[in-house]
Amino acid sequence: MTEHILPVGKGGASGAVNDFLKGLLSSGKVKAVLALQTTPNGRSAFPVLVSDPDKMRSDVFTPLMPVSTATILSRITKTRGSDDPIAAIMRNCELRALTELFKLKQADPANLVLIGVDCPGTFDLNTYSNFPGDKDISSAVLDPKEREKFLRSACRSCADPIPGRADIVIGTFGMDLEKGILVSGKTEAGQALLEGMGLDAFKDDGSREKAVSEVREAADRSREKHIAEHSDIKGSGKIADFFESCINCHNCMKACPICYCKECLFDSAVFNMEAHKYVSKAGSKGSFKTPTDTLLFHITRFNHMILSCVQCGLCEQACPANIPLMDIIIPIAQNAQKEFEYIPGRDLEDQLPMIFYKEEEFESVGDH
Amino acid sequence: MSDFEPVVVAFLCNWCSYAGADLAGTSRLKYPPNVRSIRVMCSGRVDPVFVLDALKEGIDGVLVAGCHPGDCHYQSGNYKTNRKMKLIQRLLKDLNMDPRRVRFDYISASEGQKFADVVTEFVQTLKELGPNPLKGECQ
Ligand code: SF4
Ligand code: SF4
Ligand code: SF4
Ligand code: FES
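The listed protein sequences derive, respectively, from chains A and B. Heads up: the first sequence begins at 0 in numbering that gives the first Met the number 0, then just goes up one per residue. Heads up: the second sequence begins at 0 in numbering that gives the first Met the number 0, then just goes up one per residue.
Do not rely on the hints blindly, as some may be mistaken.
[As the list claims (entries may be wrong)] Taking lysine-lysine pairs in the DSBU-like style, the calculated list, with each CA pair at most 30 Å apart, reads: (1) A:Lys284 <-> B:Lys92; (2) A:Lys280 <-> B:Lys92; (3) A:Lys237 <-> B:Lys92; (4) A:Lys284 <-> B:Lys126; (5) A:Lys104 <-> A:Lys30; (6) A:Lys337 <-> B:Lys92; (7) A:Lys288 <-> B:Lys92; (8) A:Lys30 <-> A:Lys9; (9) A:Lys185 <-> A:Lys30; (10) A:Lys288 <-> A:Lys276; (11) B:Lys126 <-> A:Lys280; (12) A:Lys237 <-> B:Lys134; (13) A:Lys102 <-> B:Lys92; (14) A:Lys148 <-> A:Lys237; (15) A:Lys102 <-> A:Lys28; (16) A:Lys357 <-> B:Lys113; (17) A:Lys288 <-> B:Lys126; (18) B:Lys134 <-> A:Lys288; (19) B:Lys134 <-> A:Lys284; (20) B:Lys92 <-> A:Lys357; (21) A:Lys104 <-> A:Lys337; (22) B:Lys92 <-> A:Lys224; (23) A:Lys28 <-> A:Lys185; (24) A:Lys276 <-> B:Lys134; (25) B:Lys134 <-> A:Lys280; (26) A:Lys185 <-> A:Lys21; (27) A:Lys253 <-> B:Lys113; (28) A:Lys280 <-> A:Lys237; (29) A:Lys104 <-> A:Lys357; (30) B:Lys126 <-> A:Lys237.
[Claimed, not checked] Computed Cβ-Cβ distance ranges for the label pairs, DEER-style: (31) B:Arg38 <-> A:Leu264: 20 to 30 Å; (32) B:Gly24 <-> A:Lys288: 33 to 43 Å; (33) B:Ile37 <-> A:Lys104: 26 to 36 Å.
Hints listed in this document are in silico derivations from the structure and should not be mistaken for laboratory results. Given the structure is predicted, the values throughout are model-derived calculations rather than measurements. Glycine included, C-beta positions come from ideal geometry on N, C-alpha and C.
The following block holds chain A by itself, in its conformation from the complex:
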């Protein structure tokens, strides 16, 4: 690992990173950069793929995640991996989701240079677009009071806001942002990119490490609290209550970086029956709610994605019925991942639990 300092000038931290990315493009070391950029009217921000250094206008610290960059990279590389180096700037939940997509063969790692950024959390889409114009939203996300009010529930309980599997990590926690940002090359590819950029070496006084562990501890505490507060959403009746107002739009599935099926079973005609079957089902049950497959959709979705769920909360953010999905997803994901001793997104070498088996576990699944 090599650690450098990226000097911060008039453009602030975001400007410094933008200049850094511009430099990467101009040097020809990468052909394109995928980075968050504010939309022309400032109402949102999306990952933009830039190849002309003069068009590099990234705002990587914008506290908004309308889509997962992992989903975008899957679309870009799935048909065929990249022939030219592409640098992608990502938050840790996006990096972790991408690792899962690599394992699921839904994205190709060839020639991707992953640059992780420390993530203080993101705001909900509507919070962002309605944010008062006189306030700076990138500083608001660092302000304890604003965080308390606006941070997405997933970010409050973030599994890990510090980039793990990345070639380069851009570190802000524990750094004096008026002066410099930490840039560390974690892999050979990352180090090669940083070489010759004329960056000073980072002098470690321990404050970075201290800040990182504080951030992690705070997230862990808030996670435990979250789980304790929502331990009552149990019982099959309560599950039905929980999804009572679901309009069965499947937005949660579409926003999820892990749900990758081209055609979801629940978007197909599998569950359509002839009219007389509906009538006879109503007859045998007395009555039943329509659409008929809402609860089954959710339970099956859990079954498909829960072991790879990176708890990014994009499902909750996409829900038009304001169902607090993370109240149920955080505990279910935590329990399932613990039982299968699997941490999604940690390492490409960790095998997906459902495609692999160990010889010693062949006892029957019966009473226990």
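Go by the hints and put chain B with the ligands onto chain A.
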């Protein structure tokens, strides 16, 4: 609850457990008549959604049975199903449904007695658990 008769759906592998069930029948072994058998070409064909749908529809218990380790005609269908059923059990726990409503076992074509024993035991467990709480729910 003594007169409660649980409804069990059993997904049985064509190459082993289905024949095992057949043998139990032709050998006139005694086992409870609560089982509705569905023949599948391998226990690996049992998509978790079959199990979840059955439970959601109010079926009291789902039995999945396949070939013994090493005997699956498609190499690893039974191993993978073993894991899939464990995941379903984990989910059921979180949805506060008793995980014992789902059972996976290895039953070969010659194990008529084992089939009868597994069914007897399973029906007994389900009687203790009582009816599926989702029965009659309008979902
Ligand atoms: S879940 Fe974590 S990494 Fe993802 S946006 Fe929220 S704080 Fe950042
Ligand atoms: S289920 Fe929700 S929290 Fe989990 S990975 Fe998908 S979108 Fe993110
Ligand atoms: S996004 Fe919300 S309303 Fe739509 S299917 Fe998912 S939970 Fe239901
Ligand atoms: S063939 Fe019997 S379990 Fe696969």
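Structure-based check of each hint:
| no. | hint | in the structure |
| --- | --- | --- |
| 1 | A:Lys284 <-> B:Lys92 | holds, 25 Å |
| 2 | A:Lys280 <-> B:Lys92 | holds, 27 Å |
| 3 | A:Lys237 <-> B:Lys92 | holds, 13 Å |
| 4 | A:Lys284 <-> B:Lys126 | holds, 21 Å |
| 5 | A:Lys104 <-> A:Lys30 | holds, 24 Å |
| 6 | A:Lys337 <-> B:Lys92 | holds, 14 Å |
| 7 | A:Lys288 <-> B:Lys92 | holds, 25 Å |
| 8 | A:Lys30 <-> A:Lys9 | holds, 27 Å |
| 9 | A:Lys185 <-> A:Lys30 | holds, 21 Å |
| 10 | A:Lys288 <-> A:Lys276 | holds, 14 Å |
| 11 | B:Lys126 <-> A:Lys280 | holds, 25 Å |
| 12 | A:Lys237 <-> B:Lys134 | holds, 14 Å |
| 13 | A:Lys102 <-> B:Lys92 | holds, 28 Å |
| 14 | A:Lys148 <-> A:Lys237 | holds, 27 Å |
| 15 | A:Lys102 <-> A:Lys28 | holds, 27 Å |
| 16 | A:Lys357 <-> B:Lys113 | holds, 25 Å |
| 17 | A:Lys288 <-> B:Lys126 | holds, 28 Å |
| 18 | B:Lys134 <-> A:Lys288 | holds, 14 Å |
| 19 | B:Lys134 <-> A:Lys284 | holds, 8 Å |
| 20 | B:Lys92 <-> A:Lys357 | holds, 23 Å |
| 21 | A:Lys104 <-> A:Lys337 | holds, 24 Å |
| 22 | B:Lys92 <-> A:Lys224 | holds, 21 Å |
| 23 | A:Lys28 <-> A:Lys185 | holds, 17 Å |
| 24 | A:Lys276 <-> B:Lys134 | holds, 18 Å |
| 25 | B:Lys134 <-> A:Lys280 | holds, 12 Å |
| 26 | A:Lys185 <-> A:Lys21 | holds, 20 Å |
| 27 | A:Lys253 <-> B:Lys113 | violated, 45 Å |
| 28 | A:Lys280 <-> A:Lys237 | holds, 23 Å |
| 29 | A:Lys104 <-> A:Lys357 | holds, 22 Å |
| 30 | B:Lys126 <-> A:Lys237 | holds, 23 Å |
| 31 | B:Arg38 <-> A:Leu264: 20 to 30 Å | holds, 22 Å |
| 32 | B:Gly24 <-> A:Lys288: 33 to 43 Å | holds, 39 Å |
| 33 | B:Ile37 <-> A:Lys104: 26 to 36 Å | holds, 31 Å |
In terms of the numbered hints stated before, the structure departs from hint 27 and from no other.
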